[in-house]
Amino acid sequence: MSTQQILPELSPASQALVAMHGGVPSGDADWLAALRADALARFGQTGLPTPKLEDWKYTDLKALNGANLVRPVDAPAANFGGQAGHRLCFADGRYVAAASKVDDLPGGVTFLSLSEAFMDMPDVLRSHLETADAGALADLNAAYLDGGAVIIVDGAEVTLALEFLATGEGSQMSAFHPRNIVIVKNGAQLTLLESQGGGGVYFANHVTSIAVEDGGRLNHVKAFNHSSEAFHTSLTQVHIGADGYYGSAVLDTDGKLLRNEIRIELAGEGAETSLAGAYLARGGRHTDHTTRIDHLAANTTSRQIFRGALDGKARAVFQGNIVVAEGADGSDGRLANNTIMLSEGCEIDTKPQLEIYADEVKCAHGSTVGELDDEALFYLRSRGVPETQARAMLVEGFVATVFDEFDSLEGVQQLRDGIADWLAGLEPGA
Amino acid sequence: MSAVSETVDQVAEVAEQKYKYGFVTDIDTETAPKGLSEDIVRFISAKKDEPEWLLDWRLKAYRHWLTMTEPDWAKVGYPPIDYQDAYYYSAPKSGDDGPDSLEDVDPELLRTYEKLGIPLYEQEVLAGVKNVAVDAVFDSVSVATTFKATLAEHGVIFCPISEAVREHPELVQKYMGSVVPYSDNYFATLNSAVFTDGSFVFIPKGVRCPMELSTYFRINAANTGQFERTLIIAEEGAYVSYLEGCTAPMRDENQLHAAVVELVAMDDAEIKYSTVQNWYPGDENGVGGIYNFVTKRGACRGRDSKISWTQVETGSAITWKYPSCILQGDNSVGEFYSVAITNNYQQADTGTKMIHLGKNTSSRIISKGISAGKSQATYRGLVKMMPGAQGARNYTQCDSLLIGKECGAHTVPYIESRNPSAKVEHEATTSKIAEDQLFYCRQRGLSEEEAVALIVNGFCREVLQELPMEFAVEAQKLVGISLEGSVG
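Taken in sequence, the protein lines are chains E and L. Reading the first sequence from the start, the letters are residues 16 to 445 in this note's numbering. Reading the second sequence from the start, the letters are residues 125 to 612 in this note's numbering.
Take the hints with a grain of salt, since some may be wrong.
Below 30 Å or equal to it, Euclidean Cα-Cα: the simulated DSSO-like pairs (lysine-lysine) are [stated by the list, open to error]: (1) K72/E x K171/L; (2) K377/E x K547/L; (3) K298/L x K377/E; (4) K329/L x K72/E; (5) K328/E x K483/L; (6) K477/L x K67/E; (7) K72/E x K601/L; (8) K498/L x K601/L; (9) K77/E x K477/L; (10) K547/L x K67/E; (11) K72/E x K199/L; (12) K328/E x K199/L; (13) K184/L x K67/E; (14) K72/E x K377/E; (15) K477/L x K377/E; (16) K271/E x K199/L; (17) K328/E x K601/L.
These aren't lab readings, by the way, just hints derived from the structure by calculation. Model, not experiment: these values are computed from the prediction.
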């Protein structure tokens, strides 16, 4: 594989990301090699997204320019937390068979690493791996495709776990690009527990492609607990068929820069989605939650609630777009985004959007930004609750409600605990 | 039942007339050669007998404009504009530079304004009634300003901006470009280079302007761009209410209107700026119409100052306009009330920006968008709380109403807060007219069109009631007329 011609205007980080492609192991099937090459060529044209793009107006990856980007070493040692049950584990984006548990899978469940799937089911993967319209980071991901999970659930009801751990250390920033493919077939039900975290310096660029076919149900619980030096970008693309459902509960508490982007296509009549997210940020953290929901068919429903609290010099971005296509009558879209600012010096940029091309619709969004309610704080203090604890209680009450709808799921208690852990680190107010 | 009979009247009116301001006035005009160049900028400046500093400012703007590219972020689509294929100066021919009094004005012109519903004469004559002073701008020049004498008694200056440049150069030089700098954006920069006329208002300290001020803009000549510039200054404790109205003839080609409006409010001053924009929107097939690319911005410089924008946007093929407030003074207040109606192939991308700098500043945004036919309406707004905006407040409500299956309604609010004590609330909804409301009206004997006009007027009421009384009626009628043919 020859290194592509590097355009002079590419940023240093983009150039480094293109240049390291020389290290991709050969041995791919022809179609895969072509797919990687095409994706790399596209990335070579655009480079990493910049704030000049409307979708990236508030999030700037330029801090990557100063990093010493490298490809991760092949067999990193990692200590996985050990999710119970069936799980796939990845260290720096590479599959770790020893830590995974894939035996005794119920019938109708395919659960294997991407590298294995390349051999077993190339035809299934090809269409899911294509990134032509998904943006520069998805192209970058396709060019490398380090590892990831392939999950197909057919006629079963199952809970599966994915654990991604980064082991970065030293001054080098390892860049890896996991890809998951999830297919929930007619009427099947999947609960997918995904945790991402690690230590040290790294750039994790995840892409997950999900297809929920007619009548299928998928609940996706994600806990991001990245290293405070880490850059993390994540794109989840979901296609939902008639009467299908996709639910997502995300907690994000750490990582130097995080971007969690979810794009949903409600493609079949009666398809439904519900997204809940909580973001907590302190120090100089930057966190970005971006969603786009396309109501493409009649009588589709979407619900989104994202709440967060910011402390220190943290900055949060929320962008949520509800698009109702012509003919998608009976669409019902709701979005709420609420942020509490706990200190001077933090910043929130929020952009809830509606783009409506059909008239039989009910769509609404609401957004609020403010500080903790003085009276509520006073009430708690007057009853002897110390100030920091009172603030923590109020923030917890405010943020944790986003997960109420998902309470019956495994893994959601873990998200609630994550909120409490973050709040334990709350410093006294000014 | 007066609302209903009113609605019935306007629907009947609609049956006969579509765009009643679409006539052309046959009048002798003097135009500059077609195209845009430094020579044209110099020509305009010479025509207006302008001082050196203003010519320099225009040239600086023109040279800067050459380095800029046309913005493409708005949700509107139009073929590229050929800036060389338009006249940048067109004035009704008259013996002198401009008319000294109404007697000197071409009678044909006066009849035009009468047709538009602005009888300049009558207003001079009809004493005793609460009156409105009018500055009428025809293509590139101001043709008449009424009530100058009465206003002068109160120390209020209300005149064409070209006259202000001659009579009050120190004021113009001090404030022009201080809110919208010559390099602000593509269309504002173009305007800075070639602006021809507009209104100038100066309300001295402590004066409450005794009457509503109003400017009527009219594009008449073919292939002409209109680039007016309005500057309103309210000194400490002053108050003024200002209204602009706009119309243009029906023509098959698109005409460009790129205006700049600057407002400055000092301590305790209040400026209320209302717009009833009814430029020719193009025909039902989307042919012709005005491109309305306007930069409007107000600076609340003083403490406790207030600027309020109210707009009723029913015309123009394309509207691109974001009347904004820079809330610099502590406790200053910004308001934006908007009704934007699009029908047929109209496109509107409009909203506001509220930039909170001072302590305890507050802003309120109420936007009502109605889309019908094949039109697209977008609300685009920014609320920005800077670190110093301690205790600032914003409330935003954006509602969109869809009539028909082929139109679009979009909401793009940007909220940026960098102060924890600032509170921002934003709400937006999009829906169609509720079946039960329609059914209720139909059941009581209203036709579908009457019912829609009634419901839409109710939907817009919060904004319409902000208009000065004299214009609220006109605006209400416009709402009905604009939606003609959108149902049934």
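Going through the hints against the structure:
no.	hint	in the structure
1	K72/E x K171/L	violated (44 Å)
2	K377/E x K547/L	holds (27 Å)
3	K298/L x K377/E	violated (50 Å)
4	K329/L x K72/E	violated (43 Å)
5	K328/E x K483/L	holds (21 Å)
6	K477/L x K67/E	holds (20 Å)
7	K72/E x K601/L	violated (41 Å)
8	K498/L x K601/L	holds (22 Å)
9	K77/E x K477/L	holds (28 Å)
10	K547/L x K67/E	holds (28 Å)
11	K72/E x K199/L	holds (17 Å)
12	K328/E x K199/L	violated (34 Å)
13	K184/L x K67/E	holds (27 Å)
14	K72/E x K377/E	holds (28 Å)
15	K477/L x K377/E	holds (26 Å)
16	K271/E x K199/L	violated (34 Å)
17	K328/E x K601/L	violated (52 Å)
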